[in-house]
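Trainee: Residue-level listing of the chains:
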Amino acid sequence: MSLIEIKNLYKSFGQEQVLKGINLAIDKGEIVSIIGSSGSGKSTLLRCINQLERQDSGSILYQGTDHSQTKNQIQLLRQKIPMVFQAFHLFENKNVLNNLILAPMKVLKLDKEYAVQKAMETLKKVNMDAFAHKYPKQLSGGQKQRIAIARALMMDPDAILFDEPTSALDPEMIGEVLTVIKDLAKTNITMIIVTHEMNFAKEISDRIIFMHQGVVYEENTPIAFFNHPKKERTREFLNLVK
Amino acid sequence: MRQHLLKIILFIIMFGIIVTLIPNNDAFANDQEDQQLDIVFYSSYNYQTLSQDKLNNINLDFYLPVYYENNKITYHIDSSYLALNDTIETISLRTNDGYENMDVYHVEIVKSPSIWKQKADFEITLNVTVDNLDIEQQYLGQVISSIPDDFLGGTIYTIIKYSQMFLDGSLKTLGLALTGTIAGFFLALILASMRLLNTTNQDNKYSALLKKGLNKIAGLYITVFRGTPMIVQASFFWYGFGLFGNPFYCGLFVVSINTAAYIAEIIRGGIQSIDKGQTEAAYALGMNHIQTMIYVIIPQAIKNAFPAIGNEFIVNIKDTAVLSVIGIFELFNQGRKITGMHYRQLEVYFIVAIIYLFLTYSVSTILKKVEIRMDLLPLEITSSN
Ligand SMILES: Nc1ncnc2c1ncn2[C@@H]1O[C@H](COP(=O)(O)OP(=O)(O)OP(=O)(O)O)[C@@H](O)[C@H]1O
Ligand SMILES: [Mg+2]
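The listed protein sequences derive, respectively, from chains A and B.
According to my numbering, the stretch in the first sequence is residues 965 to 1206, in order.
According to my numbering, the stretch in the second sequence is residues 24 to 408, in order.
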């Protein structure tokens, strides 16, 4: 049984059909990179998995059962599969420590002492333990993104969704964030990463998914995908991003 | 500086009203000089304090001898005896039995618009019967008051004399504005949350209906209270219902519910101006709508809206003046009361304006300091290691 299974997912915004029947299964511990040109529906797919967007039809299965219907299902889905955004979205009114402990205390009902202890351990993992009492606006982009990743880790997730985690960063800060994600890859966590960093995707992924015009156009292992793309559009895309 | 000090001291010295009556016999070229009466005029005005019920009355005491050369004197005194010049409206006399060998007659000057001018002249005619001899005597009287005629003098005099009333008024004004703004703020939080209730496709029929209803109620509330003048709202609740049985409490209520409507819109704008990413980040971690609002969105909205809410406080300091209409003696109404006592509108309203300005200016200065403090720690971008 796959950890996450997406079945026949359709989504339109007004007249524009963005997702046209996505079928995808992701196993526990698998690292999947989603690539594709702008507007192909990558973000929309991630947002549907996290239920920030509601699909028109189709279902999101978590451990074999649809979790996109009731409020409780959706809450569990989000807590088990949190999302990391391109623009970080740290809570501006809270310092780093409180950013980390808020959701665990309110959703997982951890007591504060334990949550703080856990937050400090998690901050060490992303090498940000010295910044526990800083506010988001005092941090650089790379630091913010590492905090955002730590915040997602605090939920003890089964999987993390990354939507272009380094696209908003200055080049010199991309490395520090990718390092954190690579470190995570060594643990048993499942990751779905939308990215434009081809080398990174190649290095880290178990599987590459190429999206084109709202469908999964081609998927393969990284080596096969990058070295021997099977389809015309894929080749065009890879030539463009080279 | 020194000159001012001197002036102030002078005013304080002149503080009490000096009323002098100058018997003026020359004016009546009376042949029977030996029959002049020794009339002692005293003023009891110095010992009077102005109180609300005696607002415009000035009592003058006459001490008239009961005997003259061993003959008993009878006086015919009536208020109609008194000839008045146009500065004094009425003077009435009354007898008092308190003194041996003397009758005390009181002259009461009622409603004298110009009594605070330096001089007010009046004329009294007495008909006296002594030993079957009728004597008519006229006296010219003069009331001298000490309120300075000039603007600066009048202003300083008014400040000193009525400082307690100005202070009372200022405190009431501040109390109304502050309490109204704070209470209004909490009410506004509820209203704004109601206003932002959106039905989602996860709502069933009843919860959708409830949300719509609450939303509409809040909208109606805001429309009504922003669309009608506070002076009308105050009159409606006080003269219409006598709410809380006390104008001050009723006034507090009116400011609060009125302010709530304005702050609700401010907070709603504040909430809507928060980046959608903040909500999504909270949702993406499994937090629900209410948790997200309470812990993430509303604190940021309030912080952003703080200057606008502070501005409402300042507006309230000024706008509570309309509550004078239901008989609350806040600053403006105290001013009106004082002008009713000494008819120096220019000076009184000048002082009232200065006090309002002082209040609004200091509050806005304090708020600015708080705003700077609220931005917390200086913005320092720490370099990554
Ligand atoms: N909330 C929305 N309302 C209307 N249209 C939307 C909305 N979100 C996305 N779209 C449209 O859906 C299409 C797919 O958007 P999406 O963000 O999923 O693309 P993407 O693959 O993530 O692109 P990029 O690489 O630029 O991030 C785009 O044409 C976009 O304009
Ligand atoms: Mg995108």
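What the hints contain is simulated information worked out from the structure, not anything from laboratory work.
Ideal Cβ placement from N, Cα and C applies to all residues, glycine included.
Heads up, some of the hints might be wrong.
[Claimed, not checked] Below, computed lysine-lysine pairings styled on DSS-like, alpha-carbon distance capped at 30 Å:
1) 1070/A x 234/B
2) 1035/A x 992/A
3) 326/B x 1101/A
4) 1035/A x 392/B
5) 1150/A x 1098/A
6) 1194/A x 992/A
7) 1058/A x 195/B
8) 1098/A x 326/B
[Claimed, not checked] To give a feel for the contact side, a few chain A residues facing chain B, derived at Cβ under 10 Å:
9) 1001
10) 1011
11) 1041
12) 1042
13) 1046
14) 1052
15) 1058
16) 1067
17) 1202
18) 1203
Trainee: The structure should be examined with respect to each hint, and the outcome stated for every one.
Mentor: A quick look at each hint next to the structure:
1. 1070/A x 234/B: holds, 24 Å
2. 1035/A x 992/A: holds, 24 Å
3. 326/B x 1101/A: This hinted pair holds, its Cα atoms lying about 15 Å apart.
4. 1035/A x 392/B: violated, 44 Å
5. 1150/A x 1098/A: holds, 29 Å
6. 1194/A x 992/A: Holds, at roughly 27 Å.
7. 1058/A x 195/B: violated, 38 Å
8. 1098/A x 326/B: Given that 30 Å is the threshold and the Cα spacing comes to 18 Å, the pair holds.
9. 1001: violated, 24 Å
10. 1011: holds, 8 Å
11. 1041: With a minimum Cβ separation of about 8 Å from chain B (threshold 10 Å), the hint on residue 1041/A holds.
12. 1042: This hint holds: residue 1042/A lies near chain B, its Cβ roughly 4 Å from the closest one there, short of 10 Å.
13. 1046: Check passed: Cβ of residue 1046/A comes within 5 Å of chain B, closer than 10 Å.
14. 1052: With a minimum Cβ separation of about 8 Å from chain B (threshold 10 Å), the hint on residue 1052/A holds.
15. 1058: holds, 8 Å
16. 1067: holds, 4 Å
17. 1202: violated, 31 Å
18. 1203: violated, 33 Å
Violation of the numbered hints given earlier is confined to hints 4, 7, 9, 17 and 18; the remaining hints are satisfied by the structure.
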